[in-house]
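Position chain B against the provided structure of chain A, taking the given hints into account.
Number of protein chains: 2
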Amino acid sequence: MNKIESTSDTRAALLAMGKAARRAARQLALASSETKNKALGLMAQAIRADAALIARENAADLEAAKHKELKSSFVDRLTLTPERIEAMAKGLDEIAALPDPVGHVTESWTRPNGLRIARVRVPIGVIGIIYESRPNVTADAGALAMKSGNAAILRGGSDSYRSSAAIVAALQRGLAEAGLPKEAIQMVPTMDRDAVGLLLSGLDGTVDLIVPRGGKSLVARVQQEARVPVFSHLEGICHVYVDKAADLDMAREIVRNAKMRRTGICGAAETILVDSAVAATHLKPLIATLADAGCEVRGCAETQAADPRVTKASEEDWSTEYLDAIVSMKVVAGLDAAMDHIARYGSQHTDAIITADEVAARRFLTEVDSAITLHNASTQFADGGEFGFGAEIGIATGRLHARGPVGLEQLTTFKYQVSGTGQIRP
Amino acid sequence: MNKIESTSDTRAALLAMGKAARRAARQLALASSETKNKALGLMAQAIRADAALIARENAADLEAAKHKELKSSFVDRLTLTPERIEAMAKGLDEIAALPDPVGHVTESWTRPNGLRIARVRVPIGVIGIIYESRPNVTADAGALAMKSGNAAILRGGSDSYRSSAAIVAALQRGLAEAGLPKEAIQMVPTMDRDAVGLLLSGLDGTVDLIVPRGGKSLVARVQQEARVPVFSHLEGICHVYVDKAADLDMAREIVRNAKMRRTGICGAAETILVDSAVAATHLKPLIATLADAGCEVRGCAETQAADPRVTKASEEDWSTEYLDAIVSMKVVAGLDAAMDHIARYGSQHTDAIITADEVAARRFLTEVDSAITLHNASTQFADGGEFGFGAEIGIATGRLHARGPVGLEQLTTFKYQVSGTGQIRP
Numbered sequence: 000m001n002k003i004e005s006t007s008d009t010r011a012a013l014l015a016m017g018k019a020a021r022r023a024a025r026q027l028a029l030a031s032s033e034t035k036n037k038a039l040g041l042m043a044q045a046i047r048a049d050a051a052l053i054a055r056e057n058a059a060d061l062e063a064a065k066h067k068e069l070k071s072s073f074v075d076r077l078t079l080t081p082e083r084i085e086a087m088a089k090g091l092d093e094i095a096a097l098p099d100p101v102g103h104v105t106e107s108w109t110r111p112n113g114l115r116i117a118r119v120r121v122p123i124g125v126i127g128i129i130y131e132s133r134p135n136v137t138a139d140a141g142a143l144a145m146k147s148g149n150a151a152i153l154r155g156g157s158d159s160y161r162s163s164a165a166i167v168a169a170l171q172r173g174l175a176e177a178g179l180p181k182e183a184i185q186m187v188p189t190m191d192r193d194a195v196g197l198l199l200s201g202l203d204g205t206v207d208l209i210v211p212r213g214g215k216s217l218v219a220r221v222q223q224e225a226r227v228p229v230f231s232h233l234e235g236i237c238h239v240y241v242d243k244a245a246d247l248d249m250a251r252e253i254v255r256n257a258k259m260r261r262t263g264i265c266g267a268a269e270t271i272l273v274d275s276a277v278a279a280t281h282l283k284p285l286i287a288t289l290a291d292a293g294c295e296v297r298g299c300a301e302t303q304a305a306d307p308r309v310t311k312a313s314e315e316d317w318s319t320e321y322l323d324a325i326v327s328m329k330v331v332a333g334l335d336a337a338m339d340h341i342a343r344y345g346s347q348h349t350d351a352i353i354t355a356d357e358v359a360a361r362r363f364l365t366e367v368d369s370a371i372t373l374h375n376a377s378t379q380f381a382d383g384g385e386f387g388f389g390a391e392i393g394i395a396t397g398r399l400h401a402r403g404p405v406g407l408e409q410l411t412t413f414k415y416q417v418s419g420t421g422q423i424r425p
Numbered sequence: 000m001n002k003i004e005s006t007s008d009t010r011a012a013l014l015a016m017g018k019a020a021r022r023a024a025r026q027l028a029l030a031s032s033e034t035k036n037k038a039l040g041l042m043a044q045a046i047r048a049d050a051a052l053i054a055r056e057n058a059a060d061l062e063a064a065k066h067k068e069l070k071s072s073f074v075d076r077l078t079l080t081p082e083r084i085e086a087m088a089k090g091l092d093e094i095a096a097l098p099d100p101v102g103h104v105t106e107s108w109t110r111p112n113g114l115r116i117a118r119v120r121v122p123i124g125v126i127g128i129i130y131e132s133r134p135n136v137t138a139d140a141g142a143l144a145m146k147s148g149n150a151a152i153l154r155g156g157s158d159s160y161r162s163s164a165a166i167v168a169a170l171q172r173g174l175a176e177a178g179l180p181k182e183a184i185q186m187v188p189t190m191d192r193d194a195v196g197l198l199l200s201g202l203d204g205t206v207d208l209i210v211p212r213g214g215k216s217l218v219a220r221v222q223q224e225a226r227v228p229v230f231s232h233l234e235g236i237c238h239v240y241v242d243k244a245a246d247l248d249m250a251r252e253i254v255r256n257a258k259m260r261r262t263g264i265c266g267a268a269e270t271i272l273v274d275s276a277v278a279a280t281h282l283k284p285l286i287a288t289l290a291d292a293g294c295e296v297r298g299c300a301e302t303q304a305a306d307p308r309v310t311k312a313s314e315e316d317w318s319t320e321y322l323d324a325i326v327s328m329k330v331v332a333g334l335d336a337a338m339d340h341i342a343r344y345g346s347q348h349t350d351a352i353i354t355a356d357e358v359a360a361r362r363f364l365t366e367v368d369s370a371i372t373l374h375n376a377s378t379q380f381a382d383g384g385e386f387g388f389g390a391e392i393g394i395a396t397g398r399l400h401a402r403g404p405v406g407l408e409q410l411t412t413f414k415y416q417v418s419g420t421g422q423i424r425p
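Chains A and B, in that order, give the protein sequences. Per the numbering used here, residue 0 is the first one in the first sequence, and the count goes up by one each step. Per the numbering used here, residue 0 is the first one in the second sequence, and the count goes up by one each step.
Next comes chain A alone, as it looks inside the complex (with noise of 0.2 Å):
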């Protein structure tokens, strides 16, 4: 892949790019299971194959960081080692073996007059997914957008620019092999900013979806400037509601899981909400629950005056996604204070109630307006492959079309078939 240097170029290419994608999209579309994944298969050697030289485009990448100081969680997301690597390829392995969703029949009925409609999956078309320095998401979003029919354009950050570079070319070889374009996957061959612009134009309607795959900031930009539709979650402010009829064992256990197993993923809770009627026997528990598990807690005043170790909430703290050990805590009168306190500070991401009232966790389910609602379980369970879907190319919160995890039913869309014999419109 040659890069391109120069700014005025930049618009051209990236029209170009568009148009390839389009006419691979309209191949991918119609490519058999049995060939993509025969594809993803020959994409996986691959990038066995090129191991070395993945790992040492990687090391230049890396000595090019150095000068940067940048942070050693950054750093290490760009880091690939052996493992990772394989881990990699593997990875394009267990995609191979999902399900393919395009072509199923989702439902089909029969009209009074004959008529026979079915409503069958088919690929969004074209889908650009913009990342940061993590050069191991090069081969999964790749990856998911090809099994489910679709084109990818790549743009991932600039610190890993040649490691992407060459699992690209892997890909691409995998993609030839298999029989199908290699601009199924393509990157943005540019490092230069308006690229980014370009691509969230939609490159002259070639561009149908863009995904972004990152930090607040990526994808709040994403957000503000894109032309066409963007499956995305700008952050995760994810609540666990003590209710009084909650076990206090199983609340003290989802609770850990949901603020500590993972900090940093966006199902991790960032507020728990505690009913008033059971703060005399469940506040205290809750709060040395996370306190001794290193979690910094603050409170409203109730939740201060039951532990010193609590310090004071500000109003900014309740629409704050830490994603670190630090955790809100407040005492709310019942289940509708609850909810209406989710609806105002929450993200629509992940909400859930610790009950053993069946009426009080059918409301919440119901009445919480969250792509998920839990009942009796941890908010980071908020990923498709605990849902299930295999893998997932992230997690949405806008209502239309995608709506929670993202997984390879989510990014197709559907077509009516409709079978006559004849008939016509009276």
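Just so you know, these hints were derived from the structure itself, not from any lab. Warning: the hint list may mix true and false statements.
[Claimed, not checked] For each label pair, taking beta carbons as the anchor points, the in silico distance ranges come out as: (1) 67/B with 220/A: 44 to 52 Å; (2) 333/B with 263/A: 55 to 63 Å; (3) 356/B with 73/A: 30 to 38 Å; (4) 314/A with 343/B: 20 to 28 Å; (5) 67/B with 26/A: 27 to 35 Å; (6) 342/B with 113/A: 26 to 34 Å.
All C-beta atoms, glycine included, are put in the ideal place defined by N, C-alpha and C.
Below, chain B alone, put in the same frame as chain A:
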């Protein structure tokens, strides 16, 4: 409803309207089918009770329109006769009788860890509907949005302002009598053209979706400017391909119906493609069928040679939606050439193949990338009612969420409700 006159008031009024709609949407989302149906019945009664008032306001609109030299078709659509007012009321009763999509579990499954996951239909939220001076759309669109649990913000054409305001007043009375918030159906209280731009901006995140109902220039503006998702189609350049294995009688029936049953609807055929293998036998009778029915035929050289009534089709004709008794006609070298033509000139709306060859039919249904593909049936079946959806708010050619006829179901989205027994993520 007080009409707002000054531009500076428009912004404040619309933002307040958006907020009120959001509040109403939260209430409406939780309303039972019974309550919504009761409201629809009361809305129908209110329309009937106000028939004289609505007719008076409509007369005032018509009087004002007189000075504008409007087309007779425009004036016809603006006119409300007693029969049309009754039809509006009856339409509301019919919408009440349709099944309620909200709360319907479309899929559910249990994970190995015992978590039960259900995918449940929920309303989208707040829908902005922008239409021309057709007062009956006011009742129809408002009711469809409401039945599917959504709040509606309506913006009709300026020439129907008084008629629409009278209708909305009746609808709101019906809502209130059923105990539902009257802000569930609101009308933009100004003809200030800035109002449309504000609505398209999403009113500070309070509008989730825009549905334009009207001609090409309205839809084009909405598609161009909207910062929220849009369900729409710009045009329906629908094709009928008469394959070499087509039964001639069936082809004549379907071609005549697809073009001439109603020429002004988006599902009307605009181009007939004829397989060169049967041009000798099929071309002449197909031309005659259309020409004898009063249709102007513009054709390729071969079509022209077959009948003196055929005029020459220009390149532009292949991408023209006539919406009139005019058709373009072309001889193509078989199925692949037909599909290439459709891919190049079509609008991804509705396309049909006439053939007795099941393999060709299967290929056409699968490979033509349109919202609706038909085999041996008229393109005029592209309609929510004909699909069994009961009523439709329009037809969408976008790829995401809604494609084809947009009925009640397509005006909903979904959420995941997860039920556990204390599960935490390992």
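Consistency of the hints with the structure:
1. 67/B with 220/A: 44 to 52 Å: Roughly 46 Å apart at Cβ, these two residues keep to the hinted range, so it holds.
2. 333/B with 263/A: 55 to 63 Å: holds, 57 Å
3. 356/B with 73/A: 30 to 38 Å: violated, 59 Å
4. 314/A with 343/B: 20 to 28 Å: Since the Cβ atoms of residue 314/A and residue 343/B sit about 57 Å apart, the hinted range of 20 to 28 Å is violated.
5. 67/B with 26/A: 27 to 35 Å: violated, 52 Å
6. 342/B with 113/A: 26 to 34 Å: Given range 26 to 34 Å: holds, Cβ gap about 29 Å.
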